[in-house]
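*Asks:* Listed here are the chains, written in short residue letters.
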Amino acid sequence: MSSSELLQFVVSGLQNGAVYALVALGFTLVYASTGIINFAQGEFFMLGGVLAVAGVRFGLPLPLAVVASVLVSAGIGVALERFALRPRRDSGGLVLIIITIGASMVLKSLARHIFGPNEMALPAFTPGPPVIIGGAAIDPQVLWIWGLTFVVVVALTLVYAKTKLGRAMRACSLSHDAARLMGVDTAGVVMLSFGLAAALGALGGAVVAPLTQTAFDVGARAGIKGFAAAILGGLGSPVAAVVGGLLLGVLESLSVGFLSSTYKDVISLVVLLAVLFLRPQGLFGRAGKEKV
Amino acid sequence: MNTQFKMVVAVLAALLIAVTGVGCSGSGSGESTGDVAEPYRIGAVVSLTGTYAGLGTPEKNAIEMEMKRLNDAGGVNGRQVEVIFEDDATDPAKAQAAVARLIEQEDVIAIIGATGTGQTMALRDDIDRAAIPQVSMAGGSVITAEFDELVFQTPWPNRTVVPFTLRQLKERGLTNVAVISDTGGYGKDGHDIIVAQAAAAGVKIIADETFNPGDTDMMAQLTKIKSASPDVVLMWNAGKEAAIVAKNLKQLGMDVPLVGSPGNGRREFIEGAADAAEGFQFAAGKILVPEAYGVDTPAYDVATAFISDYTKAYDVAPDIFAGHAYDAFLVVTDALSRIEGDATPAALRDAIEQTSGLVGIGGTFTYGPQDHNGLTEADLVFYRVEGNEWVLAK
Amino acid sequence: MSARYGLDRAIARVAPVLIVALVAAVPLLTDDRYLFKVLTFVGLNVIVVTGLALLFGYAGQISLGHAAFFGIGAYSVGYLTATRALPWLAAVAIGVALASVVGLLLSLPMLRLKGHYLAMATLAFSEILGVFFVEASAITGGNDGLRGIPFPSVGPFKIATPGASYLLVWGVAIIVVVLASNLVRTRPGRALRAVHGTELGAQACGIDTGRLRVQVFTLSAGLAGLAGALYAGVVGFVSPTTFSLEFSVLLVAMVVLGGTGSITGPVVACVALTLLPYIDALVPGLPRDAVAFLQDWEADISGIVMIGVLLFAPGGVAGMLRRSRRAGDAS
Numbered sequence: 001m002s003s004s005e006l007l008q009f010v011v012s013g014l015q016n017g018a019v020y021a022l023v024a025l026g027f028t029l030v031y032a033s034t035g036i037i038n039f040a041q042g043e044f045f046m047l048g049g050v051l052a053v054a055g056v057r058f059g060l061p062l063p064l065a066v067v068a069s070v071l072v073s074a075g076i077g078v079a080l081e082r083f084a085l086r087p088r089r090d091s092g093g094l095v096l097i098i099i100t101i102g103a104s105m106v107l108k109s110l111a112r113h114i115f116g117p118n119e120m121a122l123p124a125f126t127p128g129p130p131v132i133i134g135g136a137a138i139d140p141q142v143l144w145i146w147g148l149t150f151v152v153v154v155a156l157t158l159v160y161a162k163t164k165l166g167r168a169m170r171a172c173s174l175s176h177d178a179a180r181l182m183g184v185d186t187a188g189v190v191m192l193s194f195g196l197a198a199a200l201g202a203l204g205g206a207v208v209a210p211l212t213q214t215a216f217d218v219g220a221r222a223g224i225k226g227f228a229a230a231i232l233g234g235l236g237s238p239v240a241a242v243v244g245g246l247l248l249g250v251l252e253s254l255s256v257g258f259l260s261s262t263y264k265d266v267i268s269l270v271v272l273l274a275v276l277f278l279r280p281q282g283l284f285g286r287a288g289k290e291k292v
Numbered sequence: 001m002n003t004q005f006k007m008v009v010a011v012l013a014a015l016l017i018a019v020t021g022v023g024c025s026g027s028g029s030g031e032s033t034g035d036v037a038e039p040y041r042i043g044a045v046v047s048l049t050g051t052y053a054g055l056g057t058p059e060k061n062a063i064e065m066e067m068k069r070l071n072d073a074g075g076v077n078g079r080q081v082e083v084i085f086e087d088d089a090t091d092p093a094k095a096q097a098a099v100a101r102l103i104e105q106e107d108v109i110a111i112i113g114a115t116g117t118g119q120t121m122a123l124r125d126d127i128d129r130a131a132i133p134q135v136s137m138a139g140g141s142v143i144t145a146e147f148d149e150l151v152f153q154t155p156w157p158n159r160t161v162v163p164f165t166l167r168q169l170k171e172r173g174l175t176n177v178a179v180i181s182d183t184g185g186y187g188k189d190g191h192d193i194i195v196a197q198a199a200a201a202g203v204k205i206i207a208d209e210t211f212n213p214g215d216t217d218m219m220a221q222l223t224k225i226k227s228a229s230p231d232v233v234l235m236w237n238a239g240k241e242a243a244i245v246a247k248n249l250k251q252l253g254m255d256v257p258l259v260g261s262p263g264n265g266r267r268e269f270i271e272g273a274a275d276a277a278e279g280f281q282f283a284a285g286k287i288l289v290p291e292a293y294g295v296d297t298p299a300y301d302v303a304t305a306f307i308s309d310y311t312k313a314y315d316v317a318p319d320i321f322a323g324h325a326y327d328a329f330l331v332v333t334d335a336l337s338r339i340e341g342d343a344t345p346a347a348l349r350d351a352i353e354q355t356s357g358l359v360g361i362g363g364t365f366t367y368g369p370q371d372h373n374g375l376t377e378a379d380l381v382f383y384r385v386e387g388n389e390w391v392l393a394k
Numbered sequence: 001m002s003a004r005y006g007l008d009r010a011i012a013r014v015a016p017v018l019i020v021a022l023v024a025a026v027p028l029l030t031d032d033r034y035l036f037k038v039l040t041f042v043g044l045n046v047i048v049v050t051g052l053a054l055l056f057g058y059a060g061q062i063s064l065g066h067a068a069f070f071g072i073g074a075y076s077v078g079y080l081t082a083t084r085a086l087p088w089l090a091a092v093a094i095g096v097a098l099a100s101v102v103g104l105l106l107s108l109p110m111l112r113l114k115g116h117y118l119a120m121a122t123l124a125f126s127e128i129l130g131v132f133f134v135e136a137s138a139i140t141g142g143n144d145g146l147r148g149i150p151f152p153s154v155g156p157f158k159i160a161t162p163g164a165s166y167l168l169v170w171g172v173a174i175i176v177v178v179l180a181s182n183l184v185r186t187r188p189g190r191a192l193r194a195v196h197g198t199e200l201g202a203q204a205c206g207i208d209t210g211r212l213r214v215q216v217f218t219l220s221a222g223l224a225g226l227a228g229a230l231y232a233g234v235v236g237f238v239s240p241t242t243f244s245l246e247f248s249v250l251l252v253a254m255v256v257l258g259g260t261g262s263i264t265g266p267v268v269a270c271v272a273l274t275l276l277p278y279i280d281a282l283v284p285g286l287p288r289d290a291v292a293f294l295q296d297w298e299a300d301i302s303g304i305v306m307i308g309v310l311l312f313a314p315g316g317v318a319g320m321l322r323r324s325r326r327a328g329d330a331s
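Protein chains in written order, with my numbering: chain A, 1 to 292; chain B, 1 to 394; chain C, 1 to 331.
I should point out that these hints are in silico values taken from the structure, not numbers from a laboratory.
The structure presented is a predicted model; accordingly, all values stated were derived computationally and were not measured.
Note that CB positions come from ideal geometry on N, CA and C, so glycine has one too.
Check the hints yourself; a few may be wrong.
Unchecked claim - Label pairs and their in silico Cβ distance ranges:
hint, chain 1, residue 1, chain 2, residue 2, range
1, A, Pro-140, B, Val-256, 56 to 62 angstroms
2, A, Gly-75, B, Phe-147, 42 to 48 angstroms
3, B, Glu-271, A, Lys-164, 45 to 51 angstroms
4, B, Gln-197, A, Pro-140, 37 to 43 angstroms
5, C, Ala-313, B, Pro-39, 44 to 50 angstroms
Please model the entire structure based on the sequences and the hints provided.
*Replies:* This is the structure:
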């Protein structure tokens, strides 16, 4: 195996991994503020791509269509939290999780009613030939994926670490009661985290659509991969989610390269299970967080 | 007696009434036969939701359109034709429940469907027990390879298309073949036939990669294929992943030809792959370029009429799946028109088997006691994508 | 406590007689094979959901992988009876045992996992098995599926009609539900609830919570395997798309909609959600357009029902039943 081939596997893995990371970030944000897994997260990935295509078909310029799709998705995320989850905030995690499952069924099915069952294409953000680095080909769209993921992670990390809002979010992830006593608007933080998670998922869906096309049914797979990446990272910080995503992507790609393309998903899931059994809290999760 | 006990009783009583009601209506519908004005009732099991929604929807559209056209023109033998659709949600168990309903409650004389191979196979026990003919719109080889005298199919099965495609490769001198296929039913079926027939066709498989339905990136597989330096990449799948393979191939700077399957004869492939679709080649029936039938043939007239009707009705040109459905409906109604006397399911089955020289969209159908595919390699042509359009490859 | 679980107790006392009478009465009232098929699917789901209700409602564990155990049971019976010509009963026993053993082996390392990590592990297991079902085509028939599975038979008795299949499945389902309702009232059952309540408290009372978790997971896996084993015989066709994550998720939804700490609630929710797409089996004379509309919008309706029930009745079906009981007591 030549070094350029190896590099190509890594590039391909990092490309998929960055998309997994964006979805995983959404899972992590919602988990941090509410302690639940948002099963509708994958559907926001779907919405991002599908709404961007709809925007372009409606006549919006591409950048505007992408921004609009991310904003609309964020709005739907906020509405989901405000109207379907907040009223039942005290009912425990499982009830909230099933509500998000119900929401994902509705979102997916509505998308099929509105946009039809066929796949749809989105134009490349910046058309052009692939960039060749060290013998590995990188599509300009892949640079967009990496660039936007990087910007998002840096921005989120800064917000988490430096701003009042970030402190409020971290406080909520530790204890809602304590955060409220400290004067944090916990309801606002939760709503914001849902909006942000939806926006990140939608961004992932929109930025990858020029490479992969999109359709009403792409959410489930994105959700599984993002969930796996978030769990691998340990549901902790934004950085953990991104590392989990990139790791999962590279793992799959190297499985194809060195073992078998048929079993690439099995291989990455077995590794995930092994990690979980050895480190039940994920790679970067804190052990012993269980509340007594 | 407490309230909750009363509630349980009430619920059970309600259920009992509902169940009894069904019993009555079930026995009622069974008695309504013998009336000459009664329409012929045909059941259709299609996937309108789930994975194959994109295939089942045009199928239903095509059948509904043709049913209306036929009935407006007076129906068959002076009787109207009524097609009752059931959605199997791309689930074999649901397909089975659907066919049971069509047989039990609708008293149909034939089943069109299903959309997918797995769903088609799931119907077989019920079809056999009810002894009514089935015309499938799915392309899996297993459907007619596991022969059943009641079951017919309209698409070209892979065991017809693959040898044709391999011969095209050989004729073009593309003998070192890299295969990439999906692990779904259609891809795996095609893959296994490619592997089995390669040697006989005089081509050599030098790389063999797969991907899963739903995968969004095949760079890693194609990187491996690239290192094997093939003359041609042969891709077998029917889903949206085909466009990704075409794009990834281009990104890797590979200028070997990409050859696909009839499942790639979809507008969405050209739109999705954009300029990477240029030069893409595949075998399929003649509907994509009706001139291939020969402009002065009946087939040309049938195809152009279908294309223009369908485009008028649904604002989009029909794809090959709409064509398979058109053919299935045509096969059944043509057979009905040839039956003298009572149109029993057994008579209909015999009439379908006697279909000969029936001009449809997929080709000219001639079924026989051993052949329930009806099509041959003569119904296939080789296409090439040029300027975002399909043209005949020479 | 007695108010909360009294419901199950009361129902356990009166319902079996009524339900057995009703189940037995259906074949006398109708010979509609479609209705039998639909009710058979309902019965199969009831068996899986009962196991999941024990797992969730009483042990507080989540599984997104039970479709895979269902698949193990189905493929075992399919392969052993169709290809190996084993007697049906033996094949069912092997299928259930295999699902239980796999459940046991999976639950041992999973003891260390909690909450969402556990959910991910079961999901991963289910996805891995999904690939196995497709790739091990010598056993499973791959994507084409496994066909020609003989009808269930015990000695000279063959269960070959949809009516008989329906009685078989519902007979098993009723036994499973009754045993589960009894189980939760015994000492292990109380221990189960303790695990869900506070694990430390349960441990303080001398209950080996780890062992209990393994036992209940194995039991629920075995029940899913049992449902799958029955499925293979009565449907006669097994293919990989049936055992999807979507199916696992729907099963979980049924349990939560039913309400925790109850067997009756999840079973009622299971019956309702399974019947939804087949509503035309129960409401005769429904216009065809209405049926087509319902099928087209099934996912939307299920989703909205799920959200609606949990929004307005977070205790699920069990909560509703309890409330109406309390209202009745007050009057």
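*Asks:* All the hints need checking, so say for each whether the structure fits it.
*Replies:* Okay, the hints, checked on the actual structure:
no.: 1; hint: Pro-140(A) / Val-256(B): 56 to 62 angstroms; in the structure: 23 angstroms, violated
no.: 2; hint: Gly-75(A) / Phe-147(B): 42 to 48 angstroms; in the structure: 56 angstroms, violated
no.: 3; hint: Glu-271(B) / Lys-164(A): 45 to 51 angstroms; in the structure: 47 angstroms, holds
no.: 4; hint: Gln-197(B) / Pro-140(A): 37 to 43 angstroms; in the structure: 40 angstroms, holds
no.: 5; hint: Ala-313(C) / Pro-39(B): 44 to 50 angstroms; in the structure: 46 angstroms, holds
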